[in-house]
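**Student:** Start from the sequences and build out the full structure, keeping to the hints where you can.
Protein chains in written order, with our numbering: chain R, 17 to 325; chain F, 17 to 325; chain Y, 17 to 325.
Please note that a few of the clues may not be correct.
As the list makes no split between identical chains, a pair holds if one copy fits it or if it spans any two.
[Said to hold, decoys possible] As a list, the in silico EDC-like pairs of lysine to aspartate or glutamate whose alpha-carbon atoms are at most 20 Å apart: (1) Lys260 with Asp292; (2) Lys45 with Glu306; (3) Lys297 with Asp108; (4) Lys297 with Asp138; (5) Lys297 with Asp252; (6) Lys167 with Glu303; (7) Lys247 with Glu206; (8) Lys295 with Glu104; (9) Lys295 with Asp138; (10) Lys167 with Glu236; (11) Lys295 with Glu135; (12) Lys38 with Asp170; (13) Lys166 with Asp275; (14) Lys167 with Asp50.
No wet-lab data here; the hints were simulated from the structure.
Being a predicted model, the structure only gives us computed values, none of them experimental.
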Amino acid sequence: MNEFYQKDIISIRDYSREQLEKIFASTDKILQQDPADRREICKGKTLGYLFYEPSTRTRLSFESAVASVGGNSLGISDITSSSHQKGESLADTVRIMSIYSDILVLRHALDGSSRFAAEISDKPVINAGSGTEEHPTQAIQDLFTIKKEKKKIDGLKIGIVGDLKYGRTVYSLLYGLGNYDVDVRLISPESLRIRSDSVYEIKKKLDFTESTNIEEDLDELDVLYVTRIQKERFPDEEEYLKVKGSYVVGQDLLKKMKDDSIILHPLPRIDEISPDVDKTKNAKYFEQAEYGKYTRAALLGLILNENGF
Amino acid sequence: MNEFYQKDIISIRDYSREQLEKIFASTDKILQQDPADRREICKGKTLGYLFYEPSTRTRLSFESAVASVGGNSLGISDITSSSHQKGESLADTVRIMSIYSDILVLRHALDGSSRFAAEISDKPVINAGSGTEEHPTQAIQDLFTIKKEKKKIDGLKIGIVGDLKYGRTVYSLLYGLGNYDVDVRLISPESLRIRSDSVYEIKKKLDFTESTNIEEDLDELDVLYVTRIQKERFPDEEEYLKVKGSYVVGQDLLKKMKDDSIILHPLPRIDEISPDVDKTKNAKYFEQAEYGKYTRAALLGLILNENGF
Amino acid sequence: MNEFYQKDIISIRDYSREQLEKIFASTDKILQQDPADRREICKGKTLGYLFYEPSTRTRLSFESAVASVGGNSLGISDITSSSHQKGESLADTVRIMSIYSDILVLRHALDGSSRFAAEISDKPVINAGSGTEEHPTQAIQDLFTIKKEKKKIDGLKIGIVGDLKYGRTVYSLLYGLGNYDVDVRLISPESLRIRSDSVYEIKKKLDFTESTNIEEDLDELDVLYVTRIQKERFPDEEEYLKVKGSYVVGQDLLKKMKDDSIILHPLPRIDEISPDVDKTKNAKYFEQAEYGKYTRAALLGLILNENGF
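**Tutor:** What follows is the structure in structure tokens.
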């Protein structure tokens with residue numbers, strides 16, 4: 017029996033390096049498969065999604081993933097605004113969705129919502145974003161992209177730039193990177209630095225430095241992971257405008273980077289990366305989105321097949 | 017040829033006891049089938065849904081049902097609020113959906129809407145809720161649940177509690193129970209008693225008594241069917257608050273019931289049943305939801321296959 | 017290799033008569049096929065839709081088309097009102113959707129949006145309506161319907177009535193008809209005449225006359241193509257009310273037409289055609305909708321199969 021069979025995916029912190037490598041190997045297998053063979057992996061399985069926070073991107077990634085392995089999907093894409101709710105508890109909604117589907121995908125604003133759902137559901141639950149820190153499938157996607165594009169993760173110098181305070185993508189990625197021997201540089205405006213309570217835990221597993229200046233030692237980075245800076249995160253517009261421009265990755269910054277460095281972004285992007293970077297060989301954020309589809313497909317295959325695939 | 021082939025499902029009143037038993041037998045068959053065999057039943061068939069009143073629960077039940085028998089679904093989940101409408105008539109929308117699909121599922125506020133749609137459509141139509149009285153697939157689901165959990169329907173004492181005036185689930189269930197030899201007790205606040213015009217017809221087929229006190233002879237019931245009491249049904253909040261608490265099914269009430277009695281609820285529930293009842297052996301409302309998926313799957317199989325399945 | 021393989025569908029102007037006839041032949045083939053054979057054509061392929069302008073009708077037509085040839089669909093049905101957008105560019109959204117699907121269907125208010133999307137996407141793009149002039153699959157559907165119902169297109173007298181200024185359906189149809197030897201009569205209120213810039217180009221390929229009177233020479237028409245007149249297109253309500261009634265096709269007008277003439281409408285209709293016309297042998301707008309499903313299915317089959325089907 018494969019160790020992921022019928023298991024929930026709640027936090028990237030639950031995964032060892034060995035487990036991550038198994039997921040990567042399964043993803044590689046899927047990438048090499050013929051589409052017709054791929055569609056046998058989860059043939060006829062139903063993925064049920066519950067999005068208490070809307071995220072078209074993540075929903076479509078899961079929908080395309082399950083379709084690629086032969087399954088189908090159904091669910092609710094924006095529960096809070098949908099009239100169906102009528103005050104039903106998360107517990108009841110999860111119980112019902114676990115009747116309607118073979119695996120559940122849940123996004124919810126609250127920390128712990130996915131673990132709670134997993135306890136209630138008798139079908140496996142995948143956390144598609146919860147609270148401020150957890151987005152495990154995004155982290156798996158990001159780690160796979162780095163490995164795929166740089167051929168390794170150990171030994172890399174990785175810069176993460178943008179809103180490090182509110183972006184759960186960043187926390188999940190950092191926890192995931194904790195399994196590897198990497199040098200991390202966190203770059204953000206002072207007011208959007210990583211939260212100190214998280215820093216404590218991350219520091220135990222990972223070496224990182226912090227900076228407000230993206231250009232500092234930029235030529236040393238192998239990976240630059242860019243995230244969005246949202247205007248609404250700033251106390252006033254003035255502070256936002258001061259900061260905004262300085263974290264835009266364009267040709268000028270790119271020229272200061274190593275020739276074989278890669279630029280990643282969880283998407284959607286607004287203007288953190290100039291469109292003129294898109295066609296450079298360094299831009300790998302669309303590949304990253306594609307890997308996201310296939311890492312998710314691999315996870316579905318592992319969770320829904322007793323003996324893997 | 018099976019008698020349900022290409023037939024509409026408009027009202028539970030159109031079904032004889034014998035027909036209901038055939039549907040139950042087909043549901044039992046589906047429940048015992050291997051998922052891969054099940055997916056052959058309606059392989060490649062398309063279910064088209066038109067929800068003029070939103071009901072995520074019913075839509076997902078049908079979507080999961082058709083997926084379980086190998087089909088797919090498409091449609092419109094909230095027509096009134098969707099910008100597409102542009103004043104198109106129900107007749108035209110039904111005609112078009114009958115081109116796009118092999119079977120139609122319609123929910124509409126008006127009495128008679130499904131029968132009207134069935135006349136227009138050249139594909140079979142399933143009424144997923146219309147007007148104040150009809151929700152035939154819910155009634156079939158409820159009857160199947162009772163039969164499955166109590167091994168019989170004849171001879172049972174069945175209490176139905178809550179809003180009996182506005183809940184179409186209740187009327188459909190009562191009409192369905194009219195095919196069996198049961199004792200029914202209707203429990204509701206005075207202002208939410210069953211409508212007198214319906215009582216007339218139901219009385220011809222069914223013995224029932226009415227009460228406002230849920231505790232009265234509670235120890236005699238085999239089944240307690242709980243429905244929601246909606247605040248907006250009351251003329252003023254005071255009256256609502258007076259009534260609300262007295263119909264909540266909790267451990268205290270449960271202790272007064274027979275050891276092998278069952279609690280049902282069409283869901284979603286708000287607070288009519290305490291969560292602490294969920295884990296008791298009497299709580300069968302989640303089983304009821306699961307049976308809803310498979311009774312619907314059986315109906316689709318019967319309607320779409322000339323020789324049944 | 018078939019000439020449509022992996023090709024975009026941007027404008028009906030890109031198609032020669034010979035190409036249109038090939039599409040019609042493929043549609044005929046699909047119409048004659050057994051549903052199970054049909055589902056092999058695009059088995060497991062994913063259609064991704066992006067509707068920047070809502071159009072339930074067109075979306076469902078594509079969804080049912082891809083389901084009929086064995087594929088599935090996912091996407092966003094109303095981007096502008098969806099919270100997901102967060103300012104992402106059309107280019108990025110198209111790139112991502114081209115990762116999630118095998119073929120893209122795009123509707124967008126801007127002229128040129130589909131051509132732009134096709135340049136960016138590495139999957140083929142189908143224009144499902146853009147700007148004021150382009151709706152190529154609707155034109156193909158309309159031409160196929162005429163051919164199917166009248167057994168030919170050459171030599172026909174075709175009236176097009178309604179809002180000729182704003183209806184992109186009309187422009188696409190006219191460009192398509194430019195490949196045939198037809199007599200076209202354009203009938204509209206003075207203020208809703210076809211746009212003069214388009215007239216210039218259309219005149220080079222097509223003979224047409226303009227009129228404000230629907231009854232003039234009505235007895236000569238083989239085809240009457242009716243479109244909606246929207247109240248909001250008029251500067252004031254008075255002018256609208258003056259015009260409205262005179263373009264309604266009812267039994268009285270129908271009696272003045274040739275016995276074997278046909279009435280078409282892109283749907284949805286409001287009251288441009290009286291319901292009492294629906295049951296006459298002349299009414300072909302529901303057949304037109306059905307042909308729309310199968311012309312789209314044929315296009316998907318041609319685009320997604322190297323050697324056709």
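**Student:** Next step is simple, just say for each hint if it's right about the structure.
**Tutor:** Here's how the hints hold up against the structure:
1. Taking CA atoms no more than 20 Å apart as the test, lysine 260 paired with aspartate 292 passes inside one copy only; the shortest distance there is 18 Å, against 51 Å between copies.
2. Only within a single protomer do lysine 45 and glutamate 306 lie at most 20 Å apart by alpha-carbon distance; the minimum there is 15 Å, versus 35 Å between protomers.
3. In this assembly of identical chains, the alpha carbons of lysine 297 and aspartate 108 lie at most 20 Å apart only when taken from different copies (17 Å versus 48 Å within one copy).
4. Within a single copy, lysine 297 and aspartate 138 get their C-alpha atoms only as close as 45 Å, which misses the 20 Å cut-off; across copies the closest is 17 Å, which meets it.
5. With identical chains, the CA atoms of lysine 297 and aspartate 252 are never at most 20 Å apart, being 37 Å at best within one copy and 57 Å at best between copies.
6. Within a single copy, lysine 167 and glutamate 303 get their C-alpha atoms as close as 14 Å, which meets the 20 Å cut-off; across copies the closest is 50 Å, which misses it.
7. For the homomeric pair lysine 247 and glutamate 206, the shortest alpha-carbon distance inside one copy (15 Å) is at most 20 Å, but the shortest distance between copies (49 Å) is not.
8. In the homo-oligomer, the alpha carbons of lysine 295 and glutamate 104 lie at most 20 Å apart only across protomers (18 Å), although the nearest pairing inside one protomer, at 48 Å, exceeds that limit.
9. Within a single copy, lysine 295 and aspartate 138 get their C-alpha atoms only as close as 46 Å, which misses the 20 Å cut-off; across copies the closest is 14 Å, which meets it.
10. Taking the shortest alpha-carbon separations for lysine 167 and glutamate 236, only the intra-copy value of 17 Å comes in at or below 20 Å, while the best inter-copy value is 71 Å.
11. Only between protomers do lysine 295 and glutamate 135 lie at most 20 Å apart by alpha-carbon distance; the minimum there is 13 Å, versus 45 Å within a single protomer.
12. In the homo-oligomer, the alpha carbons of lysine 38 and aspartate 170 lie at most 20 Å apart inside one protomer (16 Å), although the nearest pairing across protomers, at 56 Å, exceeds that limit.
13. Taking the closest pair of Cα atoms, lysine 166 and aspartate 275 come within 20 Å of each other only inside a single copy of the chain (12 Å); across copies the shortest separation is 65 Å, beyond that limit.
14. In this assembly of identical chains, lysine 167 and aspartate 50 lie within 20 Å of each other by CA distance neither inside one copy nor across copies; the values are 23 Å within and 43 Å between.
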